[in-house]
Amino acid sequence: STVSGSEAEDRVKRDGGVSDSECRPDSGVPEVPVATDDTPEVLNKALSGLSSRWKNWWVRGILTLAMISFFFFIIYLGPMVLMMIVSIKCFHEIITIGYSVYHSYHLPWFRTLSWYFLLCVNYFFYGETVTDYFFTLVQREEPLRILSKYHRFISFTLYLTGFCMFVLSLVKKHYRLQFYMFGWTHVTLLIVVTQSHLIIHNLFEGMIWFIVPISCVICNDIMAYMFGFFFGRTPLIKLSPKKTWEGFIGGFFSTVVFGILLSYVMSGYRYFVCPVEFNNDSNSFTVDCEPSELFQLQDYTLPSVLQSITGWSTVKLFPFQIHSIALSAFASIMGPFGGFFASGFKRAFKIKDFANTIPGHGGIMDRFDCQYLMATFVNVYIASFIRGPNPTKVIQQLLALRPDQQLHIYNSLKAHLTERGLLATQEEAA
Amino acid sequence: PLNLSHAQRHKRPSTTLYLLCAYAHSCVWSPQEADGQDRLGLHGEGEADMEGECKAHTPDMPPGDGNTPQCLNRALEGLSSRWKNWWIRGILSLTMITGFFLIIYLGPLMLIFVVMSIQIKCFQEIITIGYRVYHSYELPWFRTLSWYFLICVNYFFYGETVADYFGALVRREEPLQFLVRYHRFISFTLYLAGFCMFVLSLVKKHYRLQFYMFAWTHVTLLIVVTQSHLVIQNLFEGMIWFIVPISTVICNDIMAYLFGFFFGRTPLIKLSPKKTWEGFIGGFFSTVVFSFLFAYLLSQYQYFVCPVEYNSETNRFTVECEPSDLFVMQEYTLPATAQNLLRWKTVNLYPFQIHSIALSTFASLIGPFGGFFASGFKRAFKIKDFADTIPGHGGIMDRFDCQYLMATFVHVYIASFIRGPNPSKVLQQLLALQPEQQLSIFNTLRNHLREKGMLPPAVGLKV
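Protein chains in written order, with the numbering used here: chain A, 1 to 430; chain B, 1 to 463.
Be aware that one or more of the hints could be misleading.
[As the list claims (entries may be wrong)] Here are the simulated DSS-like pairs of lysine-lysine, each with C-alpha atoms no more than 25 Å apart in a straight line:
| no. | chain 1 | residue 1 | chain 2 | residue 2 |
| --- | --- | --- | --- | --- |
| 1 | A | Lys173 | B | Lys384 |
| 2 | A | Lys350 | A | Lys89 |
| 3 | B | Lys204 | A | Lys350 |
| 4 | B | Lys452 | A | Lys238 |
| 5 | A | Lys414 | B | Lys270 |
| 6 | B | Lys274 | B | Lys382 |
| 7 | A | Lys173 | B | Lys270 |
| 8 | A | Lys242 | B | Lys452 |
[Unchecked claim] Simulated restraints, written as ranges between beta carbons of each label pair:
| no. | chain 1 | residue 1 | chain 2 | residue 2 | range |
| --- | --- | --- | --- | --- | --- |
| 9 | B | Leu439 | A | Glu128 | 26 to 36 Å |
| 10 | A | Thr161 | B | Glu331 | 33 to 43 Å |
| 11 | A | Phe385 | B | Thr346 | 53 to 63 Å |
| 12 | A | Ile146 | B | Val328 | 26 to 36 Å |
| 13 | B | Tyr303 | A | Thr418 | 13 to 23 Å |
Since the hints were made in silico from the structure, they are not lab data.
These numbers were taken from a predicted model, which means no experiment stands behind them.
Every residue gets a Cβ at the ideal spot worked out from N, C-alpha and C, and that includes glycine.
Using the sequences provided together with the hints, build the complete structure.
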């Protein structure tokens, strides 16, 4: 069933069609076929009694719950697989749109080339991750060691092959089309693959850095929708007529509260808090560690205003909860911009949804459009405010240097540590 | 009319590229010139390249008006049109090469400025083409946004470089320290601001246009800015890693053209009808020989061979060091066949010359693909040249199209085969760790060095 909130969008679509002509006559714009009803038969029968509006509401609600359960199930199994599947599906959806926009179906090389570029870029990114996190394993196995030592060169060679194939595949009458598809593929790779790679990086820091941001964005989506549904009056932005200021502000506050509570719950468990490490002996992932300071309860003195209201003088919080306020604030304020970007994109190319994968919700990209910027933000946030350089990585780099360079660094480090008083001077005799 | 007047503005070339003489005004330039690149005018291509779009809206770029200085024109009045073109291109080529060497002489700092200005010019050229293709002039936000994104991405990349190479300087100045520590966050915030401005600037009737320009800007940034940044990184490894690759590509261009001019018969690829197999193969062999000799010449001078370092006391760039193994003459035993030919047993070579063979092979075999890519791009968007900056040669992008992949290749080559991680960077990271982590690394390193025999073994101590 088509989403009820799309009447305004339909109207705009028709308006946009007439006026948004550059040099392409409108007959050339592909009419993406109307979304077929994918609702499972069982749901349809159960809800046959209700009116159309509530039926849509229920279908969306049930599917939302199904997706959230599926999300937690996948977390239990292993999030990396989820991320890979999602990023491949997102890539596929965007490329398919490009094909339909540019009528490129009859040029079979493009599909091959696009998937080939996706493989190359994924190989490059996952190779870098594997080298970092599976260092000992890599050193042990000879073929892996060679692959990791010359990793950049191999990735570059693979990419070059794709580039040369593209140049050789240029056909006389279709130059512009081919360049468009080339550009489209690269921008899609830039958006989708880098984001998914950053999510995996965040994951390795600790599952909590993966779960809390994504949950905050989902919560903001749901809460903004609810507040808009019940209280919405003032439109937010011309681009998405259904979004309202009430929904935006209500979503903001409820997401911040939700973030604080969720991080309180999760910070208590090692499973979420510890960095994911690969144990060479057992050849599996372990999440076992001494929780860092971020995840240890500390006393915070409340400002006097709050003291008089709640009657407490101090409150026990995990420092991570303070960080979660920053994360949820970003999710509430900037996340919607990702949604507006996707809405603008759909308006620009006159499509209603990215695909029809999820009934009532559209494609995978529709669900993930607000997550675009979140993953990058979390990664940058962690790099800037939380952790310094990774000590294991530094050791690796140290051991890869030449001996005279190592000696030089050793002496500098010794001088530095002695200055700080960390090294007892009698430790280095002779 | 709007298109034409804008194109008129672009006909004034930048004066820094002229060493010969000042010019008064432009003169008519004949579009048929004998050169290695294909310069098919608009007519031959137009009918065939229809993809169901209204041709009337495809911008017809006015034929490149000759920017030849008046003095050159008078000097070459007598010659026929073909030879006149040949001479003008030749003189301009010599001018550019001389300019190139002059800039190298002026030092690394000047080189960095030149690379940055070339990058900005290339970006401007490509963005201008995008504007023309999409008639985006009436949306002034785009120019602002495109330049804003260029500044953001440059800030990000050069900030990373500064943090690496100017470590000592950064540690001294407090504001710089703050900027470096939160560099990624600041760059990301700047980019986000641009992203939000873009979303807020979406105007109802121009969504598709705006998205196209957004993507065009990003792809251009990806190509132009990353390449220039890699060029600067190569430069810091040693000027020779900057000079030899660029010279090799230029030499391949010139040699392939000359061989094609004199011996060319068999066409190479339908995309560029003027390229021939004879030019390609002749260019390949002569480029390998050229770079072999050129590498030999440059490897002797510390000025070219040493990594560029920033001396914090004198606040200048210095190129002084103990040349690494690559640049120390070694004896190589010739294989038996070569021995019989030359009657030498061994030959003294710099190891770098062996690497230069790899570099020149890449420049000759893959470099042309960059040229084909640019030719295809020009055909696709029905433009003859990227711009009119250099008379007879087109825009800056036209000169640099074969260099695209070279800079990336050299960078990857160095990272994979030549150097390991940068020691000063490792030291910086070490000093940024927590003290306990530093201590544990210190102990690990000490044991490692002891095993290798670099440190005397520990005397029995009681701590």
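For each hint, the structure was consulted:
A threshold of 25 Å between alpha carbons decides the hint, and for A/Lys173 with B/Lys384 the separation of about 17 Å falls inside it, so the pair holds. Proximity of A/Lys350 to A/Lys89 is assessed by CA-CA distance (about 21 Å); at most 25 Å being required, the pair is judged to hold. Of the supplied pair hints, the one linking B/Lys204 and A/Lys350 holds, its CA atoms being roughly 12 Å apart against a limit of 25 Å. A distance of roughly 68 Å separates the Cα atoms of B/Lys452 and A/Lys238; the hinted pair therefore is violated under the 25 Å criterion.
Between A/Lys414 and B/Lys270, the direct Cα distance comes to roughly 64 Å. Violation of the 25 Å bound is thereby established for this hinted pair. In summary, the hint linking B/Lys274 to B/Lys382 is supported, as the alpha carbons are separated by about 18 Å, within the 25 Å threshold. Distance check on the hinted pair: A/Lys173 and B/Lys270 sit about 12 Å apart at the alpha-carbon level, within 25 Å; holds. With a CA separation close to 69 Å, the supplied pair A/Lys242 and B/Lys452 exceeds the 25 Å bound.
At about 28 Å, the beta-carbon gap between B/Leu439 and A/Glu128 stays in the expected band of 26 to 36 Å. A/Thr161 and B/Glu331 have their C-beta atoms about 37 Å apart, which keeps the hinted 33 to 43 Å range intact. The hint said 53 to 63 Å for the Cβ distance between A/Phe385 and B/Thr346, and at roughly 59 Å that hint holds. Separated by about 27 Å at the C-beta atoms, A/Ile146 and B/Val328 satisfy the suggested range of 26 to 36 Å.
With their beta carbons about 38 Å apart, B/Tyr303 and A/Thr418 fall outside the hinted range of 13 to 23 Å.
Comparing the model with each earlier hint shows violations of hints 4, 5, 8 and 13; every other hint is respected.
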